[in-house]
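Respectively, the protein sequence lines represent chains A and B.
The working numbering applies: residue 1 is where the first sequence begins, and numbers increase by one.
The working numbering applies: residue 117 is where the second sequence begins, and numbers increase by one.
Take the hints with a grain of salt, since some may be wrong.
Said to hold, decoys possible - Listed below are the simulated EDC-like cross-link pairs for lysine to aspartate or glutamate, each with C-alpha atoms no more than 20 Å apart in a straight line:
| hint | chain 1 | residue 1 | chain 2 | residue 2 |
| --- | --- | --- | --- | --- |
| 1 | A | Lys38 | A | Asp22 |
| 2 | A | Lys70 | A | Asp22 |
| 3 | B | Lys173 | B | Glu195 |
| 4 | A | Lys108 | B | Asp154 |
| 5 | A | Lys108 | A | Glu10 |
| 6 | A | Lys70 | A | Glu56 |
| 7 | A | Lys38 | B | Glu195 |
| 8 | A | Lys108 | B | Glu195 |
| 9 | B | Lys125 | B | Glu195 |
| 10 | A | Lys3 | A | Asp29 |
| 11 | A | Lys38 | A | Glu10 |
| 12 | B | Lys160 | A | Glu26 |
| 13 | B | Lys130 | B | Glu195 |
| 14 | A | Lys38 | A | Glu15 |
| 15 | A | Lys108 | A | Glu44 |
| 16 | A | Lys70 | A | Asp86 |
| 17 | B | Lys160 | B | Glu175 |
| 18 | A | Lys3 | B | Glu195 |
| 19 | A | Lys108 | B | Glu175 |
| 20 | A | Lys16 | A | Asp86 |
| 21 | A | Lys3 | B | Glu175 |
| 22 | B | Lys160 | A | Glu44 |
| 23 | B | Lys125 | A | Glu17 |
| 24 | A | Lys3 | A | Glu17 |
As the list claims (entries may be wrong) - Which residues of chain B face chain A? A partial, calculated answer using Cβ under 7 Å:
| hint | residue |
| --- | --- |
| 25 | Leu159 |
| 26 | Gly169 |
| 27 | Ile170 |
| 28 | Thr218 |
| 29 | Pro223 |
| 30 | Gly224 |
Stated by the list, open to error - Covered stretches of chain A, as calculated for chain B (at least 3 residues, CB under 8 Å):
| hint | region |
| --- | --- |
| 31 | 36-45 |
| 32 | 104-114 |
If you're looking for bench data, these hints aren't it; they were derived computationally from the structure.
Heads up, the beta-carbon is just placed ideally off N, CA and C, and yes, glycines get one too.
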Amino acid sequence: AQKVTQAQTEISVVEKEDVTLDCVYETRDTTYYLFWYKQPPSGELVFLIRRNSFDEQNEISGRYSWNFQKSTSSFNFTITASQVVDSAVYFCALRESDSGYSTLTFGKGTMLLVSP
Amino acid sequence: NAGVTQTPKFRILKIGQSMTLQCTQDMNHNYMYWYRQDPGMGLKLIYYSVGAGITDKGEVPNGYNVSRSTTEDFPLRLELAAPSQTSVYFCASSYGSTGTDTQYFGPGTRLTVL
Numbered sequence: 001a002q003k004v005t006q007a008q009t010e011i012s013v014v015e016k017e018d019v020t021l022d023c024v025y026e027t028r029d030t031t032y033y034l035f036w037y038k039q040p041p042s043g044e045l046v047f048l049i050r051r052n053s054f055d056e057q058n059e060i061s062g063r064y065s066w067n068f069q070k071s072t073s074s075f076n077f078t079i080t081a082s083q084v085v086d087s088a089v090y091f092c093a094l095r096e097s098d099s100g101y102s103t104l105t106f107g108k109g110t111m112l113l114v115s116p
Numbered sequence: 117n118a119g120v121t122q123t124p125k126f127r128i129l130k131i132g133q134s135m136t137l138q139c140t141q142d143m144n145h146n147y148m149y150w151y152r153q154d155p156g157m158g159l160k161l162i163y164y165s166v167g168a169g170i171t172d173k174g175e176v177p178n179g180y181n182v183s184r185s186t187t188e189d190f191p192l193r194l195e196l197a198a199p200s201q202t203s204v205y206f207c208a209s210s211y212g213s214t215g216t217d218t219q220y221f222g223p224g225t226r227l228t229v230l
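Starting from the given sequences, assemble the full structure and let the hints guide the process.
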């Protein structure tokens, strides 16, 4: 069965600090997909990124970067020079298989608080 | 292009009451989903639909019902509300069901059952 663990329940940083959110996953599939979603205080869920299991290249998008390591089953998310607007709950999610229907399994989320 | 919309945004129910949470998407997606999010937890799948007229149970379907008469709409029905159904409900949609298909979420409905 697939599982996603976000061990950090809450992280507090001061603006301009770098912060890394950890995500560890479990799956028996060789083909799978990993996602990060952001949930700001307003409550909606915003899609950030999707990675497939065959692509271990790190991804950078502005201040956001993602480090995917199959050897440690991790898909960590780093925010560089954090800003108050980054304050949100961040969810990591996993979807197995490339065919047929498969469930999107979420971690419990990490609440990031960025103070001025 | 509104994406996924949900109504209402907030609702308070008394135990035993019924209500329908509405969800509409304008992206012509085949797949639609209902999740619930309890405090400090991730999202859990209640029901999903692979197309008009086809629905299936997710991880936590008890106490809920769904229907899918059109591609755009996927309402969630609570027949006899219980305090355990106090949660935030999210509707989502995706074009397909494979791992490459990203699910896009609505803004959520915050439901309290007293």
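Hint by hint, here is what the structure shows:
Proposed proximity of lysine 38/A and aspartate 22/A is supported: the alpha carbons are some 14 Å apart, at most 20 Å. At roughly 14 Å between alpha-carbon atoms, lysine 70/A and aspartate 22/A fall within 20 Å of each other, so this suggested pair holds. With a C-alpha separation of about 16 Å, the suggested pairing of lysine 173/B with glutamate 195/B holds against the 20 Å cut-off. Only pairs whose Cα atoms come within 20 Å are accepted, and lysine 108/A paired with aspartate 154/B is accepted, the gap being roughly 10 Å.
A hinted pair counts as satisfied when its Cα atoms are at most 20 Å apart, and lysine 108/A with glutamate 10/A qualifies at roughly 11 Å. Simply put, lysine 70/A and glutamate 56/A have alpha-carbon atoms about 7 Å apart, close enough for the 20 Å limit, and the pair holds. Of the supplied pair hints, the one linking lysine 38/A and glutamate 195/B is violated, its CA atoms being roughly 31 Å apart against a limit of 20 Å. A C-alpha spacing of about 28 Å is found between lysine 108/A and glutamate 195/B, which places the hinted pair above 20 Å, so the restraint is violated.
Distance check on the hinted pair: lysine 125/B and glutamate 195/B sit about 19 Å apart at the alpha-carbon level, within 20 Å; holds. Taken as a hint, the lysine 3/A and aspartate 29/A pair is honoured in the structure, with Cα atoms around 12 Å apart against an allowance of 20 Å. Under the criterion of a C-alpha separation no larger than 20 Å, the hint pairing lysine 38/A with glutamate 10/A is consistent with the structure, at around 14 Å. This hinted pair checks out: lysine 160/B and glutamate 26/A have alpha carbons roughly 17 Å apart, not beyond 20 Å.
Note on lysine 130/B and glutamate 195/B: the hinted pairing holds, with a Cα-Cα distance of about 12 Å set against a maximum of 20 Å. Between the alpha carbons of lysine 38/A and glutamate 15/A the distance comes to roughly 18 Å, so the proposed pair stays at or under 20 Å and holds. Between the alpha carbons of lysine 108/A and glutamate 44/A the distance comes to roughly 16 Å, so the proposed pair stays at or under 20 Å and holds. Among the hinted pairs, lysine 70/A with aspartate 86/A is inconsistent with the structure: their alpha-carbon atoms are about 27 Å apart, more than 20 Å.
For the suggested pair lysine 160/B and glutamate 175/B, the alpha carbons sit about 7 Å apart, so the restraint of at most 20 Å is met. Our distance criterion of 20 Å between C-alpha atoms is broken by lysine 3/A and glutamate 195/B, whose separation comes to about 31 Å. A distance of roughly 15 Å separates the Cα atoms of lysine 108/A and glutamate 175/B; the hinted pair therefore holds under the 20 Å criterion. Of the pairs offered as hints, the one joining lysine 16/A and aspartate 86/A holds, with about 11 Å between alpha carbons and a cut-off of 20 Å not exceeded.
Pair hint lysine 3/A plus glutamate 175/B holds up; C-alpha atoms about 14 Å apart against a cutoff of 20 Å. Distance check on the hinted pair: lysine 160/B and glutamate 44/A sit about 16 Å apart at the alpha-carbon level, within 20 Å; holds. As the CA atoms of lysine 125/B and glutamate 17/A are separated by approximately 34 Å, the hinted pair breaks the 20 Å bound. Taking the CA atoms of lysine 3/A and glutamate 17/A, the gap is near 30 Å; set against the 20 Å cutoff, the hint is violated.
The beta carbon of leucine 159/B comes within 5 Å of a beta carbon in chain A, closer than 7 Å, and the hint placing it at the interface holds. Look at glycine 169/B: its Cβ only gets to about 16 Å from chain A, farther than 7 Å, so that hint breaks. Restraint check, isoleucine 170/B versus chain A: the minimum CB separation of about 11 Å is more than 7 Å; hint violated. With a least beta-carbon distance of about 6 Å to chain A, the hint placing threonine 218/B at the interface is held under the 7 Å criterion.
Because the beta carbon of proline 223/B sits about 4 Å from the nearest beta carbon in chain A, less than 7 Å, this interface hint is met. Against a cut-off of 7 Å between C-beta atoms, the interface hint on glycine 224/B holds, since the closest Cβ of chain A lies about 5 Å away. With 5 residues carrying a beta carbon less than 8 Å from a beta carbon of chain B, the region 36-45 of chain A meets the three-residue requirement, and the given coverage holds. Coverage of the region 104-114 of chain A by chain B holds. Counting CB-CB distances below 8 Å, 6 residues qualify, and the rule asks for three or more.
Taken one by one, the earlier hints fail for this structure at numbers 7, 8, 16, 18, 23, 24, 26, 27, listed in ascending order.
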